[in-house]
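K.L.:
Spelled out from the first residue to the last, the chains are:
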Amino acid sequence: MAVFSGSLNKTRLRRKALLNRRQLDRDLRDEVAFHLAMRERRNCEAGMDAEEARYAARRRLGNFTQLKEVCREIWTFGSLEGVMQDIRFSARKLRKSPGFTLVAALTLALGIGANSAIFTLIYAVMLKSLPVARPSELYRVGAGNQCCVIDGLQGNFGIFSHALYKQLKENTPEFSSLGAFSGGLNSLSVRRVGASAVVQPYIGEFISGNYFSTFGLDACAGRLATPDDDRPNAPPVAVMSYRIWREHYSLDPSLIGGPFLFNGHPMTVIGVTPPEFFGETLRRDPPDFWLPLSTEPLVNESGSLLAHSDLHWLYLIGRLKPEPGLTKLKPELPRKCNSGSRAKDKYRNNTAERSQSSASSSPPRAVALRVCVQGIPTACGCSLPLPGSCF
Amino acid sequence: MKRFRPLNVLWMERRSLLKETRQDQGDLLQGTLDLLIMKALARGSMHGYAVAEWIHQTSEDALRVAEGALYPALHRLELRGLLSSEWGLSDNNRRAKYYSLTAAGRKQLVQETEYWRRMSGAVARILQTA
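Residue numbers (the working numbering), protein chains in the order written: chain A, 1 to 391; chain B, 1 to 130.
Honestly, the hints are just simulated from the structure, not real lab data.
Quantities reported herein were computed from a predicted structural model and do not represent experimental measurements.
Treat the hints with caution; some may be incorrect.
Here are the simulated lysine-lysine pairs, DSBU-like style, with alpha carbons at most 30 Å apart [said to hold, decoys possible]: (1) 328/A with 169/A; (2) 68/A with 93/A; (3) 169/A with 68/A; (4) 321/A with 166/A; (5) 16/A with 39/B; (6) 10/A with 169/A; (7) 39/B with 169/A; (8) 16/A with 68/A; (9) 321/A with 107/B; (10) 166/A with 16/A; (11) 68/A with 10/A; (12) 39/B with 107/B; (13) 68/A with 39/B; (14) 39/B with 10/A; (15) 328/A with 166/A.
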């Protein structure tokens, strides 16, 4: 115990000395000056003259600078003091050559900044595991990034009408599940039915009934939309994002199953997506609500796209079965797309294009239907094309 | 043009300086000097000069404290908690640092005195043999 308090005391004294280094030096100087004065007076009394007495006193004391160094070494944390001296020394040197310092600091700043920026991007786009089940099985149909409603031909096919989606879904047993989502997002005016609720603008995305099951998602609260909700006469429902649930509704569980008005039409919010799910596309304005395709005529009223087989507005994403897999599906997709009676005349010139630049090099009526490897579904959609991942 | 002196050279210079200083203190064994300082301060608080003079006079001029080593020794003892210090005015009205023995210092003095008696007695016995 005594040893402990002793070392504690020692540390306290040392810290004091370190912080008041000037005081320490001044005290030592005063102490030694007093000693010298006393010795000098004594020498004078012994009969020396004043100058001789002073020199004799100094001789007897020895080298004052050395004495000072030794005392400093005693009082301060020897090595720590040395390190601090080194830091001060290098700071002085750097101050003397500001050009070099500036270049060095800039080099470091740019290097570190660029590295962290690039890593942030790589991490978000490539390394971070997606909040969906087995992302390596997910493929987007088509590599084109047209948005959001296309009427007519596409050089690089990537966006589909609802009719074409249904046709592809029925004719592609290679996909265990083929989902669709609208390329463009809709602004919705949403009001929770209740006394004090006001209308709020939110962003909505139309999705096929099997959208969530294609991604293998489970609801955070309530339930997610199912194919049953996507039938023509099903009661209209909506799925809320976790972000909106938390930020605007304070995770209130009572709103699940409760009535909302979407653009004035009553719908039921049936559930909330998992917190980590931000939609299929990495974008700055992720959807706040997901609505089944069957509600599209209700919400968009006269501007509805659902029944128009010549208007393309849906992206397709599917979960591929391991057998027979991509090699068999890829050459057959254009034919499957072409065989539909409604689309026949429009797509009769289909060829399986392989080149990236098909949009410019192919004849105007040729349609390339391509499969985009969707290891990273967020990288597709209209916001972030990744040419390296497509073939 | 040599603008920078490598840090390790400076470091080595510093080390050698310290080593030299320690050798120069060799007039009295360091432990002995500590003992004598504590013995001097057992009489009451004193400033450094008075400690040196007391040792000098009490030993009837036989021991002359190397004054360059006296102050480091005083500071070391203070850091070990054996001495305490405070600034005061000397007889001739000058500002001086007065040292006094702490309780731990008194205990240490008793132990070291006993140790010194045993050691010097042993050495003396050896030297007395024919």
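K.L.:
Run every hint past the structure and note whether it holds.
P.N.:
Here's how the hints hold up against the structure:
Distance check on the hinted pair: residue 328/A and residue 169/A sit about 16 Å apart at the alpha-carbon level, within 30 Å; holds. Proximity of residue 68/A to residue 93/A is assessed by CA-CA distance (about 25 Å); at most 30 Å being required, the pair is judged to hold. Proximity of residue 169/A to residue 68/A is assessed by CA-CA distance (about 89 Å); at most 30 Å being required, the pair is judged violated. Between residue 321/A and residue 166/A, the direct Cα distance comes to roughly 19 Å. Compliance with the 30 Å bound is thereby established for this hinted pair.
Our distance criterion of 30 Å between C-alpha atoms is met by residue 16/A and residue 39/B, whose separation comes to about 28 Å. Proposed proximity of residue 10/A and residue 169/A is contradicted: the alpha carbons are some 80 Å apart, above 30 Å. With a CA separation close to 102 Å, the supplied pair residue 39/B and residue 169/A exceeds the 30 Å bound. With a C-alpha separation of about 17 Å, the suggested pair residue 16/A and residue 68/A falls inside the 30 Å cut-off, and the hint holds.
Restraint check for residue 321/A and residue 107/B: not satisfied, since their Cα atoms lie roughly 87 Å apart, outside the 30 Å limit. As the CA atoms of residue 166/A and residue 16/A are separated by approximately 81 Å, the hinted pair breaks the 30 Å bound. For a cut-off of 30 Å, the pair hint linking residue 68/A to residue 10/A stands: about 19 Å separates their Cα positions. For the suggested pair residue 39/B and residue 107/B, the alpha carbons sit about 11 Å apart, so the restraint of at most 30 Å is met.
Straight-line distance between C-alpha atoms of residue 68/A and residue 39/B comes to about 25 Å, which keeps the hinted pair within the 30 Å bound. A C-alpha spacing of about 22 Å is found between residue 39/B and residue 10/A, which places the hinted pair at or below 30 Å, so the restraint holds. Distance hint between residue 328/A and residue 166/A is fulfilled; the C-alpha atoms sit about 20 Å from each other, no more than 30 Å.
Against the hints set out earlier in the document, violations occur for numbers 3, 6, 7, 9, 10.
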